Amino acid sequence: MKTDLKSLLCGIALIAAVPLLMLWQSGNPATGTAPGWSEYNVHHVISILNEFLNKNQQPPMEDENQPTALDIFCDFTLDVDRNSTYTATWIDHVTALRGDCSDVRIARGRLRAAAGDREGMLREFEAARALARNDIERRHVEKIVRRFAK
Amino acid sequence: MNRRRMWTLGTILASVLMIAAFAVGEKGGYVHMESTAFLRVYNDRSRPVWEIIYDPLVTDWNAYQARELSYLVDWIDARFIYTCASWKMAHFYSISAMVILLLCVVLQQYFLERDFPTLPPYLCSLFSLAFVTSPSCTGFVFFRSAKPLTALAATVICFASWRIFLRRDLKTAGPKTWVLLGATLFLAPLADRQGAFLSACFACFCGATLVAAAFSKVREYFRIGDNAMRKLYTAALFGGGAVLFGALYNMYLAPALIRAFNGYDPSFKYQNIGGGGLFNVTGGGLFLLDNLGFFFIRTYNTAAFAGGLLLLIAWAGFWIVRVRKAPRLAPAALLTTGCLAAMLACANLMSFRHPLMLRNDVLHGAYFMPMLAVLVFLAALAAECVKSRTTNRVLAGLLGLSLAAAVLEPYIPHAPFEDHQQMFKDTSPLVKKAMNEPGFDANTAPLPYSSLRLVEHFRKTMKR
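Residue numbers (the numbering used here), protein chains in the order written: chain F, 747 to 896; chain Z, 7 to 470.
By construction, these hints were calculated from the structure, which means they are not laboratory data. Just so you know, these numbers come straight off a predicted model, no measurement behind them. Possibly wrong hints are sitting among the right ones.
Once the Cα atoms are required to be at most 20 Å apart in a straight line, the calculated DMTMM-like pairs of lysine to aspartate or glutamate come out as [to be verified]:
#	chain 1	residue 1	chain 2	residue 2
1	Z	33	Z	415
2	Z	469	Z	443
3	Z	237	Z	226
4	Z	466	Z	32
5	F	748	Z	447
6	F	889	F	865
7	Z	469	Z	50
8	Z	466	F	863
9	F	752	Z	226
10	Z	94	Z	425
11	F	748	Z	232
12	Z	237	F	846
13	Z	33	Z	432
14	Z	469	Z	447
15	Z	431	F	865
16	Z	33	Z	425
17	Z	439	Z	57
18	Z	223	F	863
19	Z	431	Z	367
20	Z	466	Z	447
21	F	889	F	872
22	Z	466	Z	443
23	F	752	Z	232
24	Z	33	Z	443
In isolation and in its complexed conformation, chain Z is listed as follows (with noise of 0.2 Å):
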């Protein structure tokens, strides 16, 4: 086993040991506010698995999002949960959460060992380890699995892109690499709109390269051979394919299938955002500076807002710097830009369809997580393009200082916030005692009534 395989094994180890240190810290979870719903309606043995996953009365609250794959995993943890209850083991974690969380740390090291030779594997476990401890991969409390998901795709298409078309010197990328592409393009926008949006801006972006490998300057100063124009029709067909295969589920597939089950139309009411969310670039600007600077040193508000903004201009600075001394490093600029272009667009949107969304207690969450698993691989980028040992010593620092504030968080001293999930992280513990022990009486514990419902719910199911 050579040095660098078990720097990727031990990161993978340590990435292990991380999520069942935070899973510990969390004491078993607590039941999400909406969570006793959920665990109720995917726990309806009366009903079949398809029955409910298509029926976004009961799944999504009747906010239609053509999200099945998402609440087909949801229905597994919480019937996880309910095994785990009947065995007096009552918990409130994702199962799904960690494994997603551990699968992306895996494709994340085997993606940077085989195609990143120039960057030290010290690097390469940074940015897993950065990644695992932030503060929207580390809720593993049961509620949705979408962005998880999400999460995964977002680091499949990014790394298996690189694999495919961008590594130079890799001539034949197999057909593994395009299978997972592929089938990770197609399966995206049915974990969630943000997948949707994933699978969109990878074939916008093979787009926009057709169009500027269409000029031979282009092509000869890149060196685009005709092997890579056909790696590039291939991914575009991937990618448009993708986005039509996920356009004709959401709009008629989905619908029908629900009809099928349920007998009713879904309402489109909160999909139907048309374009105007895209210009909300207040909210979604927020979100996403505020989230970057939260990465780095774990403070709030301005400070974090600052943080984000202040390494923003870093990084495009960064790259105006390197393209002026070397041209031919233009393409992963472009990329870097793109990619940040679409995930303040991405926010822009869910920060327009869901503004309770930029509350501090909600902000940091996974809605973050599929952005930050593209920006491990820009980063990653930015540091194998231009080889420098500079950059590579900044981005240690800067992941190295992540790291810190993940373990000095609780010192870290904020202003107060509200926590709307407090109550319920209060009355947890009640909860799964009302859960193991059947003699408890829950009726007259001090228990928010959703949770009491889910108590009694649980209890008639086990009868049966």
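So here's chain F without its partners, still in its complex pose (with noise of 0.2 Å):
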């Protein structure tokens, strides 16, 4: 049986070298310079928020001044949005899966605090109180808003 060496050759390096240059590409480390958002990426956003909607049944929060994961978030993403555009979507997002609550309302408070909206912030925050389940969250509730409502 004849062989054509050049059909060959040509045929294994196109099935050798296309995986090769794909794999080039998804093995790329490297974490960009994007100024103060090397850090924001979908996973980091995703990895915090899913800690927040794992505990989709969450208990009674038990010490007001342990951060809960939407804090964290906020600190987080607030520092480095630029007009909150992806924290607001995210914020709406928990909401959408987890239903309206006191720590959702918080969020959308400093939302609306970093949007320089005081009047929204202080209903939203006001409706944090409502919705607070306990003497504990009210606490919270109030230390945050003593944070913000200065």
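Bring the two chains, given one by one in their own frames, into a single complex with the hints.
What follows is the structure, encoded as structure tokens:
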């Protein structure tokens, strides 16, 4: 049986080179130089939010000084987010999955504070107070209010 | 006008009507959770278009994927939405999703009419109509154009390749077909990572065919002449060139443009999967089989998975029987097997990277659209190769089942599942009202906060 070496070598080269090129692209560890955003990628956001969402039947708060996952999320993202575009979207995502609760209202209040909407912020914090399930959660809301409503 | 042409035009017209009917059924669509951000970003009138589309921080959540062609189309969609809203006709349709779907149908019908002469016209129509009504194609809500664009690329690559070097009696495929194939292979990686995968698969299939055709016995048995070999080398060159171009664009060219326009280097973290994701067969298998089953019977979970598995077994059995009877059909059977294996690998990687896509409210969406475009071609290829009336009738029956299921879908019972977009669907009439009526007090309306920001942004943009 005759063998066409040119065809054989071209075929093998192509079969070998294409997966290598694909692996080369999917193995790049560079995290970029985006200002203040290098850690702000989907995984980071999702990991923080998942922590929150996985506690779907979250028991009432036991220590008002302990920040919630949403507090941590807001601390992190509001610092680096331009115009809170993404923070707002993800907070809404949490609300969609989890439903309305005191934590969500605190986050919405903080978003409004970041946008300079003081009236809206106070309205959200008021709603957070109303949704708090025990005294510890109410004290947590007051702590947040003191921090942002100066 | 001959009868076949009338079927073609009728199918295209029916597709237009179906697309319109689905769009009307969506009642203006809803503002997708993530789209509230994208609409604001793409309608930022203070930045030129190139600066926006080469800014993955705002177009892709810093999950850089080198799919700027799709961002350009998204930009057109977003501008269209704001323009319509400024005319007091607020909606959240993706106009590109409709146009691209229609283009897929036109191309399918164009190639089916010319290059699949033994297929009955009714079967050709059913292929396109079942495609148009499939759940992965009928989401016209503005989100991303990456998957529809890849589906269009998949349609072109499959059908143009068949025209160029699989159909034996077609001696001279014109330069137009080569240009179409070449341009698509080079542009697909710029549309989506699935597009890059598609071009890579094409190149690998060309490589595998070159290896097989290196042996004289294979060439003699399958009657691969010098002309076919020339075509094969050209196609391999296009495929390999497209993969190399896609890689260089992803690794160097796009990052350089991002640096030039926005002053930072993108993060490759989201793309950094390594090879491990390839073996995520549980996720990929579930995605593929569930979608296959859902396409035909619109049921969820185990029933959809079992339906998909049965169909796959039947398809494998069909090819085994046919190839035993007529061994010269082996290339078509191998191509089908290769495409299915590639789809599984692609689904493995996607579900490994983004496990949330396996949720019931996401699973049957646009992620499957490019694969469905390839499956339409593979089904047409099977029918064309075996030239059997029974096969045509069975295929027509299955596609008819899919069409019937599309009509009956609202009445097919299923266990309830959580829809993470429900809040946005429920509040979208209010968002549209707030965009249409400048006097509407959006601030106290029960809107998601991101939707409120969207309304505020739209009103500010329109005042300028």
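Against the structure, the hints:
1. Restraint check for residue 33 of chain Z and residue 415 of chain Z: the C-alpha separation of about 18 Å stays at or below 20 Å, so the hint holds.
2. Taking the CA atoms of residue 469 of chain Z and residue 443 of chain Z, the gap is about 13 Å. The hint holds against a cut of 20 Å.
3. About 17 Å separates the Cα atoms of residue 237 of chain Z and residue 226 of chain Z, which keeps this hinted pair within 20 Å; it holds.
4. About 27 Å separates the Cα atoms of residue 466 of chain Z and residue 32 of chain Z, which puts this hinted pair outside 20 Å; it is violated.
5. Among the hinted pairs, residue 748 of chain F with residue 447 of chain Z is inconsistent with the structure: their alpha-carbon atoms are about 81 Å apart, more than 20 Å.
6. For the hint pairing residue 889 of chain F with residue 865 of chain F, the CA-to-CA distance comes to about 18 Å; that is within 20 Å, so the pair holds.
7. A hinted pair counts as satisfied when its Cα atoms are at most 20 Å apart, and residue 469 of chain Z with residue 50 of chain Z qualifies at roughly 13 Å.
8. For the given pair, residue 466 of chain Z sits about 16 Å from residue 863 of chain F by alpha-carbon distance, which is consistent with the 20 Å threshold.
9. A threshold of 20 Å between alpha carbons decides the hint, and for residue 752 of chain F with residue 226 of chain Z the separation of about 17 Å falls inside it, so the pair holds.
10. Between the alpha carbons of residue 94 of chain Z and residue 425 of chain Z the distance comes to roughly 29 Å, so the proposed pair goes past 20 Å and is violated.
11. With a C-alpha separation of about 15 Å, the suggested pair residue 748 of chain F and residue 232 of chain Z falls inside the 20 Å cut-off, and the hint holds.
12. Taking the CA atoms of residue 237 of chain Z and residue 846 of chain F, the gap is about 62 Å. The hint is violated against a cut of 20 Å.
13. Annotation: proposed proximity of residue 33 of chain Z to residue 432 of chain Z holds, straight-line Cα distance about 12 Å (limit 20 Å).
14. Distance restraint check for residue 469 of chain Z and residue 447 of chain Z: the Cα-Cα separation of roughly 17 Å lies within the 20 Å cut-off, and the hinted pair is therefore satisfied.
15. For the given pair, residue 431 of chain Z sits about 27 Å from residue 865 of chain F by alpha-carbon distance, which is inconsistent with the 20 Å threshold.
16. For the suggested pair residue 33 of chain Z and residue 425 of chain Z, the alpha carbons sit about 18 Å apart, so the restraint of at most 20 Å is met.
17. A C-alpha spacing of about 31 Å is found between residue 439 of chain Z and residue 57 of chain Z, which places the hinted pair above 20 Å, so the restraint is violated.
18. Restraint check: the Cα-Cα separation between residue 223 of chain Z and residue 863 of chain F comes to about 78 Å, which exceeds 20 Å; the hinted pair is violated.
19. Restraint check for residue 431 of chain Z and residue 367 of chain Z: the C-alpha separation of about 13 Å stays at or below 20 Å, so the hint holds.
20. In summary, the hint linking residue 466 of chain Z to residue 447 of chain Z is supported, as the alpha carbons are separated by about 15 Å, within the 20 Å threshold.
21. Straight-line distance between C-alpha atoms of residue 889 of chain F and residue 872 of chain F comes to about 13 Å, which keeps the hinted pair within the 20 Å bound.
22. With a CA separation close to 13 Å, the supplied pair residue 466 of chain Z and residue 443 of chain Z stays within the 20 Å bound.
23. At most 20 Å may separate the alpha-carbon atoms for a hinted pair to count; residue 752 of chain F and residue 232 of chain Z meet this at roughly 13 Å.
24. Taking the CA atoms of residue 33 of chain Z and residue 443 of chain Z, the gap is about 18 Å. The hint holds against a cut of 20 Å.
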